[in-house]
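Peer 1: Relying on the hints, combine the two individually framed chains into one complex.
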Amino acid sequence: MNKDEIVCRCEEVTYGEIVDAINSGCRTISEIRRKTRAGMGFCQGRSCRSIISKILAEKTGKKISEIEVEKIRPPEGAVKIKIFFGN
Amino acid sequence: MSKLYTDVLIIGGGVIGSSICYYLSKEGIDTVLVEKSGIASGTSGACDGFIFLQSKKDKDIIKLTLEGLKIFDGLSDELSYDIEFEKCGGLVIFTKDNDSNDKKNLKYKDNIPTYNNSGRSNSGIYNSYDLGKSFIYKDLDFDIDGENDNNKVNIEKLDLKELKKVEPFISEKVVKATYCSEEAQVNPINLNFGFIEAAKRNGAKILTYEKVVSFDLQLAGKESAEDNLNKKIVNEDTPKEEEIKAEKKIKKVYTSSGREIIAREIVCACGAWSKELGDLAGLKIPVKPRKGNLIVTEALPKVINHVILDFDYLCCKYEEDKYEDNRDKEDRDIGFTIEQTKNGNLLIGSTREFVGFNDRVDFDKLSKVIGRAIEIFPFLKEVSIIRTFCGFRPYSIDFLPLMGKAKSFNNFWLATGHEGDGIALSPVTGLLISRMIADKINYGKGLNNFLNINLEKFSQERI
Numbered sequence: 000m001n002k003d004e005i006v007c008r009c010e011e012v013t014y015g016e017i018v019d020a021i022n023s024g025c026r027t028i029s030e031i032r033r034k035t036r037a038g039m040g041f042c043q044g045r046s047c048r049s050i051i052s053k054i055l056a057e058k059t060g061k062k063i064s065e066i067e068v069e070k071i072r073p074p075e076g077a078v079k080i081k082i083f084f085g086n
Numbered sequence: 000m001s002k003l004y005t006d007v008l009i010i011g012g013g014v015i016g017s018s019i020c021y022y023l024s025k026e027g028i029d030t031v032l033v034e035k036s037g038i039a040s041g042t043s044g045a046c047d048g049f050i051f052l053q054s055k056k057d058k059d060i061i062k063l064t065l066e067g068l069k070i071f072d073g074l075s076d077e078l079s080y081d082i083e084f085e086k087c088g089g090l091v092i093f094t095k096d097n098d099s100n101d102k103k104n105l106k107y108k109d110n111i112p113t114y115n116n117s118g119r120s121n122s123g124i125y126n127s128y129d130l131g132k133s134f135i136y137k138d139l140d141f142d143i144d145g146e147n148d149n150n151k152v153n154i155e156k157l158d159l160k161e162l163k164k165v166e167p168f169i170s171e172k173v174v175k176a177t178y179c180s181e182e183a184q185v186n187p188i189n190l191n192f193g194f195i196e197a198a199k200r201n202g203a204k205i206l207t208y209e210k211v212v213s214f215d216l217q218l219a220g221k222e223s224a225e226d227n228l229n230k231k232i233v234n235e236d237t238p239k240e241e242e243i244k245a246e247k248k249i250k251k252v253y254t255s256s257g258r259e260i261i262a263r264e265i266v267c268a269c270g271a272w273s274k275e276l277g278d279l280a281g282l283k284i285p286v287k288p289r290k291g292n293l294i295v296t297e298a299l300p301k302v303i304n305h306v307i308l309d310f311d312y313l314c315c316k317y318e319e320d321k322y323e324d325n326r327d328k329e330d331r332d333i334g335f336t337i338e339q340t341k342n343g344n345l346l347i348g349s350t351r352e353f354v355g356f357n358d359r360v361d362f363d364k365l366s367k368v369i370g371r372a373i374e375i376f377p378f379l380k381e382v383s384i385i386r387t388f389c390g391f392r393p394y395s396i397d398f399l400p401l402m403g404k405a406k407s408f409n410n411f412w413l414a415t416g417h418e419g420d421g422i423a424l425s426p427v428t429g430l431l432i433s434r435m436i437a438d439k440i441n442y443g444k445g446l447n448n449f450l451n452i453n454l455e456k457f458s459q460e461r462i
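In order, the protein sequences belong to chains G and U.
Going by numbering that gives the first Met the number 0, the first residue of the first sequence is number 0, and it counts up by one from there.
Going by numbering that gives the first Met the number 0, the first residue of the second sequence is number 0, and it counts up by one from there.
Derived by calculation from the structure, the hints in this document are not laboratory data.
What you are looking at is a predicted structure, and each value in this text was computed from that prediction instead of being measured.
Hints are supplied without guarantee of correctness; some may be wrong.
Stretches of chain G that chain U covers, calculated by requiring three or more beta carbons in the stretch to come under 8 Å of a beta carbon on chain U [to be verified]:
(1) 47-61
(2) 72-84
Distance ranges between label pairs, derived from CB positions [as the list claims (entries may be wrong)]:
(3) U:460 / G:41: 30 to 38 Å
(4) U:1 / G:68: 27 to 35 Å
(5) U:69 / G:4: 21 to 29 Å
(6) G:11 / U:378: 39 to 47 Å
(7) G:22 / U:362: 18 to 26 Å
(8) U:300 / G:78: 44 to 52 Å
(9) G:81 / U:259: 51 to 59 Å
If you want a taste of the chain U side facing chain G, the calculated C-beta under 8 Å gives, among others [claimed, not checked]:
(10) 205
(11) 208
(12) 357
(13) 360
(14) 375
(15) 379
(16) 383
(17) 385
(18) 387
Glycine included, C-beta positions come from ideal geometry on N, C-alpha and C.
Chain U with its partners taken away, still in its complex shape (with noise of 0.2 Å):
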């Protein structure tokens, strides 16, 4: 059995991941990477690639995404790969059909946000998901931190008119739409072989096709290897109390190629599949897959400016009725997105199903969300498919990504549960996650505080 020393061990190459595994490569922490398939075979190689703010309702979030954004700006050099990232501004659409002031039976009728003079809503931000139940707002900015200036967003909101404008194929059939500036796209797969790339030429060591079948655990501080908690694990139900609060420590990592890996810390960067290896440790995470639908079409010359989503898609996120009488119940979990991708393809999308690892594609579902982007987008009618695929984004339940270490271990850590988000922020989390683990294991400078965001929100035990 061949042995691996390192000082950290990442399991998991998809974009969250390969960033980590930048990050902490760069700070010239020895890393080691190991990944169950290909590079970017899993959530990373079957989604979209949008940078959304309107589309977040969280403000450590938003906050998070903005600083994302500034990091997205230079990544291509930074990691002299193109990563085709574009701040080609974002819009969020609304039909006569979930437009609030049209349907009397709207849920949200009873529930309109209320705005103050300066434009705030009372929870402090804003966001189309809100704006969306009802247009009683003006033009406005969204100013996450009150007086900080950088962190000020400003959405606007266009009529038909205005949007035929900066959007001429679109149909009459929208209403209004919300325009947000800094929002961008980028091609998830290339900036998960751009992180890749340039951990290897920081020395980072990448093992693919190489999956983790087990973990050899011991209580922290003690040093007796029959100290393996697998076995009273699996056979106590309800752990003893002085089992709970004593912290459990990863000694070594079994991987499928009969290698033996020893790493002082050990991040979960599994994404959709996070359960089943917390379940080798005996750690809860509580990550689920939830797929997406999408089709690619040929490529065509510009006729998308924008990162497009529909209102209802928002819906579809945070699982959400339109309307009191549940109508919609059926169709909640099809939403509709495009995007034109760098080389002309259109990338259109998506549902948010909950259908375990189902990786068949559904047409019955994807009809409809063709039949809605047909709605918007006429033109759509004429040009061709070449293919369809579908992906697991990593559900939260409470739509906040697991980011910190495992309380109940010493040495476990986990960046996981972005759903849909962990493209926007991979950067962002790969930077997080290692200062912390920087800090931890004395190189470089730690970073406790931030963005003076409190990162407990983010831990494992939350839920």
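Extracted from the complex, chain G is given alone in its bound form (with noise of 0.2 Å):
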């Protein structure tokens, strides 16, 4: 992967900033998304949250099925308040 190529969308963070996050001692899901804010936009990381396990897994030298599973933040989608909550 190039290093400019976006990994995730909603917070435009790029392929070297999460190498950059690993490399500085970031060594799960939760930590990389605190410091680069990948995974934290509207989708919540629906899209990029693979792509980074992969990278994490890539650079600590782990089976993807070694990483963390990241603590669930519900809701699972992006819901109005009104409807989330009733009126």
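Peer 2: Right under this line is the structure:
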């Protein structure tokens, strides 16, 4: 991957930024999220989470199955307040 | 087993620990920070970014917050990290509901603070919490030290019309607000990483995903390792008097990755998790978790211009019932706060509950928070939520943090119990603790009389 390639489309975080975060010591997807904002946008990481897992596994020499699954923070998709909580 | 020698070991990688680490490393002191999970994985990564004055009750805490605000001003440059600090001003809002003039049964009617001509209350300070109890005041300053102009904070009272000008989307249910221009917001996660990255550049060593599992204790001054006090503390509920008086020393620290750390000074910056660490050393640290549930919305154009607290939230913070008949007892742990972050997301909170470390988001409570939010900002109905989360504030029973050396120990320091003030007080706590430690180990210049505050009031022994 090119270092300028976008990994998180919502927050426009690049491959290079993810790698930098890992090099600075980030070891979980949630720590990378806090450091770079990848996965903090509108889709909440539904598109980039698996790509980040792959990069993290590659750079730390782990299997993808060994990468910690992120804690779930509901709702599953963006939903209007009036629908989520009723009126 | 690998061994690590250092001058200072900090336990906890939240804003408080990171700030102490930064200020110590800046002084050229050899510093190691150990964190059981990732950076900002606890409270500092699950909170709002308010730097609020009107919510504080203690004079010295207000003083420290003001000192902190001065540091925050240049901190992005100092750390070379964008901490998204903005002096946006803060509002405490009052609706008809919580306006004391409208409810006969309000507890506060017999407890109206009196203000003299210069606009000062008997206790010498103002905050909106006291002010909310009665609306007999005029526009006012609160002057926390008497004569010093630098310590003057102006709080203005706004009626709905004035409020609408600065916060156009607010509903007519709000009758008035108090405004303080000194109040600000910051991105707590960036602040946390900013301190860590700067500390690393100064040579500090950061160990993450490594938990402290035990201590090797001895009586200070005694050389023999056989003086291991661990067993004595476990076996005897009431230690003998001479043992209480004798200073203990943490000789070695063992971590989950099998490391042995030998440090001259050890700092507990474990926030809500401090009690657990204190137990390992046989020190009672009276801090417990106070949970908050929050909501994050999609990013919007600028719709909220200030950091905003509902008056109810202050009642909730200080555990006071608004009414004599306890009608709001059930909902006392629910309040409403809102801010818009630099990215445009709205951060809506919050609750203050004692439910241990239960990390499930409580949707019943959040729906009440949202109910209140929609009352105050009706447009929110049409806004999408993208995530909910909860965090644990380090609650200390008298609402004051624990900062300073534990008296029964020769080398064990505490910087914890800030509850909801940790972000606001992090730079100043880091500076304070690092100066005290630097003073003790004879590096740099000490600062015994920090801002003329009697630091005894923050000692662990007071509780």
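Peer 1: Next, verify each hint and record whether it holds.
Peer 2: Quick rundown of the hints versus the structure:
1. 47-61: Since 0 is below three, the answer is violated.
2. 72-84: holds (count 10)
3. U:460 / G:41: 30 to 38 Å: violated (50 Å)
4. U:1 / G:68: 27 to 35 Å: holds (30 Å)
5. U:69 / G:4: 21 to 29 Å: Hint violated: Cβ distance 42 Å, outside 21 to 29 Å.
6. G:11 / U:378: 39 to 47 Å: violated (27 Å)
7. G:22 / U:362: 18 to 26 Å: Given about 39 Å between the Cβ atoms, the range is violated.
8. U:300 / G:78: 44 to 52 Å: violated (20 Å)
9. G:81 / U:259: 51 to 59 Å: Once the Cβ atoms are compared, 57 Å apart, the range 51 to 59 Å for residue 259 of chain U and residue 81 of chain G holds.
10. 205: holds (6 Å)
11. 208: Since chain G brings a Cβ to about 6 Å from residue 208 of chain U, closer than 8 Å, the hint holds.
12. 357: Since chain G brings no Cβ nearer than about 14 Å to residue 357 of chain U, farther than 8 Å, the hint is violated.
13. 360: At about 6 Å, which falls below the 8 Å cut-off, the nearest Cβ of chain G leaves the hint on residue 360 of chain U intact, so it holds.
14. 375: With a minimum Cβ separation of about 13 Å from chain G (threshold 8 Å), the hint on residue 375 of chain U is violated.
15. 379: holds (6 Å)
16. 383: Since the shortest Cβ distance to chain G is 4 Å, the answer is holds.
17. 385: holds (5 Å)
18. 387: OK, holds: residue 387 of chain U within 8 Å of chain G, min 6 Å.
Hints 1, 3, 5, 6, 7, 8, 12, 14 from the earlier list are contradicted by this structure; the remaining hints agree with it.
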